[in-house]
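Q: What follows is each chain in one-letter form.
2 protein chains.
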Amino acid sequence: MTFIIKQLYRLSFSFEVDHKDPFSKARSGRLHTPRGVINTPIFMPVGTVASVKGIHMQELREVIQAEIILANTYHLYLRPGLEVISSAGGIHEFNSWHQPLLTDSGGYQVYSLGKNRQISEKGVEFRSHIDGSKHFFTPESVIDIQRTIGADIIMAFDECTPYPCEESYARDSMHMTHRWLDRCRDRFDSTEPIYDYEQCLAPIVQGSVYEDLRKQSAEYIASKGAPINAIGGLSVGEPDDEMYAMVALVNEILPQDKPRYLMGVGTPANLLENIALGIDMFDCVLPSRNARHGMLYTHAGIINIRNEKWKRDYSPIDEDSLAATSQQHSKAYLRHLFLSKELLAGQIATLQNLTFYLQLVSMARKKIHQGDFKAWKEKATLRYSQRL
Amino acid sequence: MTFIIKQLYRLSFSFEVDHKDPFSKARSGRLHTPRGVINTPIFMPVGTVASVKGIHMQELREVIQAEIILANTYHLYLRPGLEVISSAGGIHEFNSWHQPLLTDSGGYQVYSLGKNRQISEKGVEFRSHIDGSKHFFTPESVIDIQRTIGADIIMAFDECTPYPCEESYARDSMHMTHRWLDRCRDRFDSTEPIYDYEQCLAPIVQGSVYEDLRKQSAEYIASKGAPINAIGGLSVGEPDDEMYAMVALVNEILPQDKPRYLMGVGTPANLLENIALGIDMFDCVLPSRNARHGMLYTHAGIINIRNEKWKRDYSPIDEDSLAATSQQHSKAYLRHLFLSKELLAGQIATLQNLTFYLQLVSMARKKIHQGDFKAWKEKATLRYSQRL
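Protein sequence lines correspond, in order, to chains A and B.
The first sequence begins at 1133 in the working numbering and counts up by one.
The second sequence begins at 1133 in the working numbering and counts up by one.
Isolated chain A, as found in the complex:
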């Protein structure tokens, strides 16, 4: 009986491609999860500690229209800690976000810690950025932690290589990431969900910017037959063209009938170019972090709202935004809030940027349906990259 239920649950992670763009590799589709359907291509707002900074859950659902959000294993493990989340009944009960949620495995966060961590075959020893306490993550423990957190989609533990990276280091690291993946899968397959819903495990392609490594890694990951495949280790400082070249190469190998998730990417232009290469899922701190610094992505272009030029500009923040706050409030008012260091500044700006990102992928889906994605992408890339 348990076995049958488990199989049924697994079936509930499935992907359908609806439309393919005739002039690029772009496709639109639907990722079915036990918690509902995600329309792809999709952007996932980042809620590091189970909260998207400055955004209420209702706004996330109704204004931004997020379909899935991301949280971080590393951060949640340290704070509030697993006991608090498991006593709550899992992350969804804890933060009141009842749509799909994905947890990053901590590979990227550990990479960001620099000299505060030590990587070995067994796993990673690191010091907490909060109190300096010592911790040890292994591929197995990271699966256990994500079981406890209760994310719907959980990521394999990987090493995210820096840029630039010596080829020999990248090769050794990639092989270790592959071995770690097998350990993650073994642990995942030999454990059950803690709460009453199925989870799925997504492996990650690595290989830095080396074609043969990326090819080899993509083949290894593809061979595992996972319901979602991710590409990591990009957007870490390499030129955009190198990123696109790696994505194009990897996407030739990853299965067509599974969603492809490009981790930690990127600008609006990055999203559109990678959608054209066949990417289905994105996450990035860029729109939310830049918002808090006053950099706005709008349908007219990029705005640094702190600039003097907006001082008496009473036009709406973005008249094409679905966010009521961006229609209702002027650039002059938002600038005033930023210069006055008001909390509301970051709130209104984050609503603007995340709503823009979700409108962008929604428009991309629409254009793919209509068959004119490619032509739209060229114009949209120029317009959304220009600085006003």
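It is worth saying that the hints were derived from the structure and are not from the lab.
What you were told as hints is all true, and nothing was included just to trick you.
Per label pair, the in silico range of CB-to-CB distance: (1) B:E1215 <-> A:H1431: 27 to 33 Å; (2) B:R1193 <-> A:Q1388: 48 to 54 Å; (3) A:E1194 <-> B:Q1197: 15 to 21 Å; (4) A:A1401 <-> B:D1452: 47 to 53 Å.
A short, non-exhaustive set of chain A residues, derived as facing chain B with CB atoms under 8 Å: (5) S1183; (6) H1188; (7) P1212; (8) V1216; (9) F1226; (10) N1227; (11) S1228; (12) K1443; (13) A1464; (14) Y1465; (15) H1468; (16) G1478.
Predicted model only: the values in this text are computed from it and were never measured.
Where is the CB? At the ideal position from N, CA and C, for every residue including glycine.
Let chain A serve as the given structure and place chain B on it in line with the hints.
A: Just chain B, lined up with the frame of chain A:
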């Protein structure tokens, strides 16, 4: 014609007392303004720079159900500056708050500047807290500034004496505040609104904690026949009983048929005690500032949400709150947001406290209507003052 319109506008600031509590001086009523009706007793959330920190305008209207908010002349004059507000068409056009708004005259802010200001009969010279630049406020210029800001209710320029304060200083200061009031009124009466709505000027009773001074000041203010009368210089450090004694004394003298506004007060208990003494309007930074530090006013009592005791308390923040976020989110989740220094922490906490304050005055009105205000007040004061 202009004269007739002006008279009509002035009529539109009027006050009706609906119910009087038989066991105290509490009363409920309606303050009519050109921008709509304000039910009294009322609490006015503080939006220092034309934004209530952490709160969207829609939340202010629909969740907190604010009927009037307060902004500060001193802060708005310095930033964004009068030119930005007047080009926008006044404060309501600038910040998109279209219900009544009151501006504090700057007397209290100037008092807070301590040694960065010098008071003389002519006015106050002060240095900006932002860039150290020198400015000079006079009773006349403060009226001009508030005309330009475009608040519906504008406050006379006064000196707010500190506590404790020598009687001789308090007496001299009170007389100067009275002379300043006459200069404010002369300027107000000889100028027209800049925008297409009438404003009203509210004078302020001073006199520190000296009975004869408070009596003298209340008589002077009462003689002016203003549509709203304010009491300033309290809640500056004196014991609560001294505040209540002064309010009781002053309220005997201020006209019964005009609303009485107690400035800068206070805790939930302070509100209820002063309502019992006949106060109709309040403003205070306490609920919003304390919220940002994790101190919550709830229907069960006062909570320091950062305490360890809430770590795994998954009960709602305040199950009797009209704020959906306080029903939906647990104490454990809000504590986690505070410890993680998330923007959302201050947002949810401010919604809690301001909604609580508006629910409190709404309940006070209901109890006054029902005739059982006094009995309710005794219980509510105890309950809402207890620390959980």
